[in-house]
Amino acid sequence: MEFLRPATWDEALAAKAEYPTALPISGGTDVMVEMNFDVHRPSAILDLNRITELTEWTNDGSVVRLGASVPYARIIDELSGPLPGLALAAHTVGSPQIRNRGGVGGNLGGASPAGDAHPALLAAGRDVFVEAASVRGTRMIPIDEFYVGVKRNSLAADELIRAVHIPVADGPQQFSKIGTRNAMVIAVCAFGFALHPKNGTVGTGIGSAAPTPRRAVEAEEYLQGVLAERGLWESGDLLGAEVIQKFGELVKAAASPIDDVRGTADYRRHSLAVMARRTLTWCWNDYSKQIRSAA
Amino acid sequence: MRVTFTANGKPVEADDVWEGESLLYVLRERVGLPGSKNACEQGECGSCTVYLDGVPVCSCLVAAGQVQDREVRTVEGLTDENGELGLVQQAFIDAGAVQCGFCTPGLLVQTDALLESDAQPSDNDIREALSGNLCRCTGYEKIMDAVRLASARKCAGKAESE
Ligand SMILES: Cc1cc2nc3c(=O)[nH]c(=O)nc-3n(C[C@H](O)[C@H](O)[C@H](O)COP(=O)(O)OP(=O)(O)OC[C@H]3O[C@@H](n4cnc5c(N)ncnc54)[C@H](O)[C@@H]3O)c2cc1C
Ligand code: FES
Ligand code: FES
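Chains as they are written, first to last, in numbering that gives the first Met the number 0: chain A, 0 to 294; chain B, 0 to 161.
Treat each hint with caution, since some may be false.
[To be verified] Computed from the model, here is a short list of chain B residues facing chain A with C-beta under 7 Å:
1) Glu40
2) Pro55
3) Ile92
[To be verified] Short, incomplete list of chain B residues facing chain A, as computed with Cβ under 7 Å:
4) Asn37
5) Asn123
6) Ala128
Note that these hints are calculated values from the structure, not bench results.
All C-beta atoms, glycine included, are put in the ideal place defined by N, C-alpha and C.
Chain A on its own, in the form it takes in the complex (with noise of 0.2 Å):
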């Protein structure tokens, strides 16, 4: 095995060119417990953690461009104005010491069902790319082709994500996530949920209940028709309760998940469309306050 560390990026493209399958490692909360429990021998480790605009991010006001390696911990202290759904999935992740190393990128490398960060990142809307680049130039990847099976994503074999690119948050944002307790536990199930009422759209992610993080598209369109046919975005008026109910039936519809040690798929169903009720609710009030507030 080799341990390659290249202390810039270029260079960093450069090996990964070289050596396809040499495996990234930026916060290493992932790999090295497969490392330790020797599930997986790469050819080689490419150290991402020289690398220090990784763990950069930049705001120009409209769109957040995070480095893949800024970790939860910062993400929760720095950006939970402008990324308030992310940072409060980032809040769920692991523990102290976990957040402190783990990072997007490395959730995002990973591609778990189970990822947190996905949830988050779908609902922050369609214009959320992934920036991944290779000695050949640079791809903007929308984050909705992004997963393409369990645990697989859309990178080639020379890719490194350098950032995620994910607009500013103009609505409320929401995050809720299922498990056993309250530190340290891989979601049962989860949903992240925003409001963007710049543009008037919704967004959904699921997390833990597909083979991959999906959103729900029909409960966004039936939301996003119910909010503009009503005018609610300008009133922020009561959604009423058979709007909410409606809404969490199409996300549970839009599941479809497995029995596992974690949960069976029937509990999955239920608890995603309570989750997606209580964001909705959450989300809602506080727009109509701001929209009250405003008047």
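Chain B with the ligands: place on chain A using the hints.
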């Protein structure tokens, strides 16, 4: 491969390190710092917590090669200037928060980090900060006492020096 880094302020060097090896293994088996404990090797228990460039992390999840030229501080490095037990270490003993002691090194580092950022944490802050450190013996009440004691002593020390 060879890995050189700073451990508790001193330069150390480890040879013949396997590329997939963890920092925890290097600390315990190669550079004579067995204070950090290996209780799960999967980030779940926190017994291996050390400072890496000032940030508490699970050393079992850091690849040895990643610490090249960086600074590590372990439980052994929590003693005071004279090599006597440090404030947090003494508080754990005085509060009876150590039984088998396996979880203790990680708790000490994590508590030290908590009190560095907030010398007077609430009980909720303490629970949150220690949520990645498992103890199978004490039931956590004595650990809470120890952190509160360390906090009180730290604040008293600060007040005195002011
Ligand atoms: C105790 C424990 C608790 C956990 N709890 C949670 C949890 O609650 N929620 C959750 O979502 N996850 C959890 N995890 C999993 C893990 O912490 C996350 O997936 C984290 O986001 C991984 O980030 P990392 O930087 O540590 O990744 P690494 O382990 O360094 O890498 C993970 C994967 O991504 C690849 N990779 C990393 N960086 C890049 C890059 N720039 N370009 C391309 N590929 C890359 C690696 O090759 C690897 O396949 C937990 C892990 C542990 C050990
Ligand atoms: S040994 Fe590292 S967290 Fe348990
Ligand atoms: S004292 Fe034994 S595990 Fe904590």
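Structure-based check of all given hints:
no.	hint	result
1	Glu40	4 Å, holds
2	Pro55	6 Å, holds
3	Ile92	23 Å, violated
4	Asn37	9 Å, violated
5	Asn123	11 Å, violated
6	Ala128	6 Å, holds
In summary, the numbered hints that this structure violates are 3, 4, 5.
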